[in-house]
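So you can see what is in the structure, the chains are spelled out below.
There are 2 protein chains.
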Amino acid sequence: MSKPSIPQGTRDFSPAEVRRRQYIFNTLRTIFELYGAQPLETPSMENLVTLTGKYGEEGDRLIFKILNNGLHEKKDADKEKLNNEWNTLLSKPYSTPVVTERALRYDLTIPFARYVVMHQNDIAFPFRRYQMQPVWRADRPQKGRYREFWQCDVDMVGSTSLINEAELLSIYQAAFQKLKVPVTIKINSRKLLAALAELCGMPDKMMDITIAMDKLDKIGWVGVANELRERGISDDGIWQIERVINVKGTNDEKLVAFSDIMQHSASGMEGINELSKTLAYYGSLNASAPLMEAGDVDNDHNIVVDISLARGLNYYTGVIVEVVCSSDAVKMGSIGGGGRYDDLTGLFGLKGVSGVGVSFGIDRIYDVMEELDVFPKQLAEATKAMLVNFGGENETYALQILQQLRSANIAAEIYPDAAKFDKQMKYANRRGIAYVLLPGDEERQKNMVSVKNFETGEQKMISVDEAIATLKP
Amino acid sequence: MSKPSIPQGTRDFSPAEVRRRQYIFNTLRTIFELYGAQPLETPSMENLVTLTGKYGEEGDRLIFKILNNGLHEKKDADKEKLNNEWNTLLSKPYSTPVVTERALRYDLTIPFARYVVMHQNDIAFPFRRYQMQPVWRADRPQKGRYREFWQCDVDMVGSTSLINEAELLSIYQAAFQKLKVPVTIKINSRKLLAALAELCGMPDKMMDITIAMDKLDKIGWVGVANELRERGISDDGIWQIERVINVKGTNDEKLVAFSDIMQHSASGMEGINELSKTLAYYGSLNASAPLMEAGDVDNDHNIVVDISLARGLNYYTGVIVEVVCSSDAVKMGSIGGGGRYDDLTGLFGLKGVSGVGVSFGIDRIYDVMEELDVFPKQLAEATKAMLVNFGGENETYALQILQQLRSANIAAEIYPDAAKFDKQMKYANRRGIAYVLLPGDEERQKNMVSVKNFETGEQKMISVDEAIATLKP
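Protein sequence lines correspond, in order, to chains V and B.
Note that my numbering gives residue 466 to position 466 of the first sequence, counting from 1, and the numbers run on in steps of one.
Note that my numbering gives residue 372 to position 372 of the second sequence, counting from 1, and the numbers run on in steps of one.
Extracted from the complex, chain V is given alone in its bound form (with noise of 0.2 Å):
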């Protein structure tokens, strides 16, 4: 018999990384109600047309198709047809659904979008909605890059209002304060690099400039310029660009320099005034200073306007923002990141509803907070307690004990086989388990138990309800 093995960019998830990601989970979930976000879930499958032509010619040959069941069942007039479609499928990677209808969940958004339009009349719109669920692309698997991973995500869509943009910015400072991982978020509008473009006197070459401003970090602005000049860019608008980028100083003093050089260009008013009114919702939001606990990080001076920001351009309208880690020690991209967008729902013939969303990069997060050592310690330590089993009436004795301590929220088990001493103690040792009861002869004639702490090695007989009263969490 062959080894077995899971396929290729998929995981299986011990209980100790359960119990972290779960953590993660229920953090988000916790912050996400407390700012009226609804949860939704959809299904892992959807219709092979509802995805496809959704996500570019690349993400099209990336989506997992399923094979329609019952093939072998087919009357063979039908499977002449089966065999075109086979044939297509052999020459182009979309459009069979005859051989397959189904199709794996690629992201959140478009099975977000084709929720809200076959829901339209039950929604209560603005529709607040956050869902957190695996995707699944046919990527070539990659350290930090998986074939089954999951996405997490907020929308605020049916309103345009700009707090909508400031409560997105003021979930992200309160996740990751809770999550002890300190961040900067950057901001920007799409206006701004529209009106960059226009500024250089070349409305179409937002794309080139931003792909190239995007480098500054690695390439400095000598690398950016020469790329600019190779993108066709006029030394007029390298020039114009410099400007842009060379002004510093705290968000107020940026958005007044920016006014000041985009004083012409509509668009770029339009974004500045987006920016600095979302800037005062935020600030308003969080007018008083946020409840802190011990280690919580405190990100709230840390929102940035970063005019390199870009972000999915073809996609996003308005404001958008990235969220990256702010500590020395950690080196990774983006955890996070969303924008405005004018017309989600679109695609599938609802018009006019505008949404604001934002993302969290489950599997980052936890590799940061890995690198960083700020999960719960308590997380690390799954049974609190385990009874050793000495048989008999000993075992009888346990027992009772057991469901005590469980009856008062202990995490306990009992060894279930009257094994050697040393064989029950090498595996609460591996399991970890923080304290071993002894329920021997004299601790059951007392009616008492012998506590073991195991880190300590210290040992002591206590009534149970001494017991009790030294394991409760």
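To be clear, the hints were calculated from the coordinates, so they are not data collected in a lab.
Please note: incorrect hints may appear among the correct ones.
No distinction is drawn between identical chains; accordingly, a pair holds when it is met within one copy or between any pair of copies.
The list that follows gives simulated cross-link-like pairs (lysine-lysine, DSS-like), each with its CA atoms no further than 25 Å apart [stated by the list, open to error]: (1) K81 x K92; (2) K74 x K92; (3) K3 x K351; (4) K178 x K377; (5) K54 x K3; (6) K92 x K79; (7) K423 x K351; (8) K331 x K254; (9) K277 x K423; (10) K74 x K446.
Place chain B on chain V using the hints.
Frame of chain V, contents of chain B only:
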């Protein structure tokens, strides 16, 4: 554009449904952890070879297979091979790994066995794991039967101790008490069913006997006797079965009567002994009454020895259990079940790992809880408070109040636009929000806020601190 839809047999879960489902998952999770069970999650996709041949021919037919990606990118030489695979696929539903190397998880048991074998050196045995994840089956959808549905399993492997059986009974008891679902837990042993066939002098007819006996509730004894005769059981055999079925009384009384009838069957006496020990362990565990909360159901005395219980005979080897809702108000089959198996991991080359496991039928439990109306009321109440948006300075004032509510753990939102008052109130009403806060000019100048209770219609102007005290959970 055609109206968007979702695949047959799959479901979108609305916010209210997600909350109720999460309530079930969290309740079970808390109890499992209290009993020392460890969470495990496996990938949605397994290698097809891991799954085929494990669920019988019918099962193989129902596995959802994922088409390999990039087929259109293959060289012409390889395409001939693919065409052969395709033809196999059209004549036979499985063993076509070149075209579909991956498939969707069909249950949680085989992936668990695969995990145990792959990680046998890292796991501390005995290993108690729980797993709550969706599975997929290409079954014909009908009421209560879905193509994507959730399984929830707890298994204890690597120990033959009957304490494990008692622990699982106790988990059932605690779970359904907490979920406020009154249940009967039926318990039997495969060994008793084997003994019954011996008693009839037809040890190879165990399956026939069981299938007939299983219909007792529906067709009565005369019907069962007829079916037994049709299935070739002798008159003496039928008389023996009648004797066993006629045994009434407490569990202890039944077991005494069975020992009398089956005294010459080694298998029978072993089964009786195992049931008796399991019930004794359960009794020791639950010697003191469980802590009850208001509305909890006391399922403590609802474990019933039932010799007609069958349950997946091919798979199980010892004690078997099944849970049914005992409320007359609910018509629903089994909502949980499981048993002891001797060789789960043998399929993947690791022999001699005995285990016992039970599962919870999440979708059915959900339906039962809906029917009994036992979901906590606060699950329906999502956001507690909405701030009406009066625009301008009042909007700024509202944002400040909003964040103070959230700091006090009150789920709150602001209507993001300064829309007409009626529109805002209508939204709050549709959302089922309990309190509407009105921060108008007068309130802002007095540094207070008007709080309207949506249910009673009562409205009063109070300080923000008083409002927080009123709304606090």
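Results for each hint:
Proximity of K81 and K92 under a CA criterion of 25 Å is satisfied in both settings, with 16 Å inside one chain copy and 18 Å between copies. In this assembly of identical chains, the alpha carbons of K74 and K92 lie at most 25 Å apart whether taken from the same copy (24 Å) or from different copies (11 Å). Taking CA atoms no more than 25 Å apart as the test, K3 paired with K351 passes between copies only; the shortest distance there is 14 Å, against 53 Å inside one copy. For the homomeric pair K178 and K377, the shortest alpha-carbon distance inside one copy (15 Å) is at most 25 Å, but the shortest distance between copies (28 Å) is not.
For the identical chains of this complex, K54 and K3 are inter-copy neighbours only, at 16 Å across copies versus 39 Å inside a copy, given an alpha-carbon limit of 25 Å. Taking the shortest Cα distances, K92 and K79 sit within 25 Å of each other both inside one copy (19 Å) and across copies (13 Å). For a Cα distance limit of 25 Å, the shortest separation of K423 from K351 across copies, 21 Å, qualifies, whereas the shortest one inside one copy, 67 Å, does not. In the homo-oligomer, the alpha carbons of K331 and K254 never lie at most 25 Å apart, since the shortest distance is 27 Å inside one protomer and 67 Å across protomers.
Taking CA atoms no more than 25 Å apart as the test, K277 paired with K423 passes between copies only; the shortest distance there is 24 Å, against 65 Å inside one copy. Taking the shortest Cα distances, K74 and K446 never come within 25 Å of each other, neither inside one copy (74 Å) nor across copies (76 Å).
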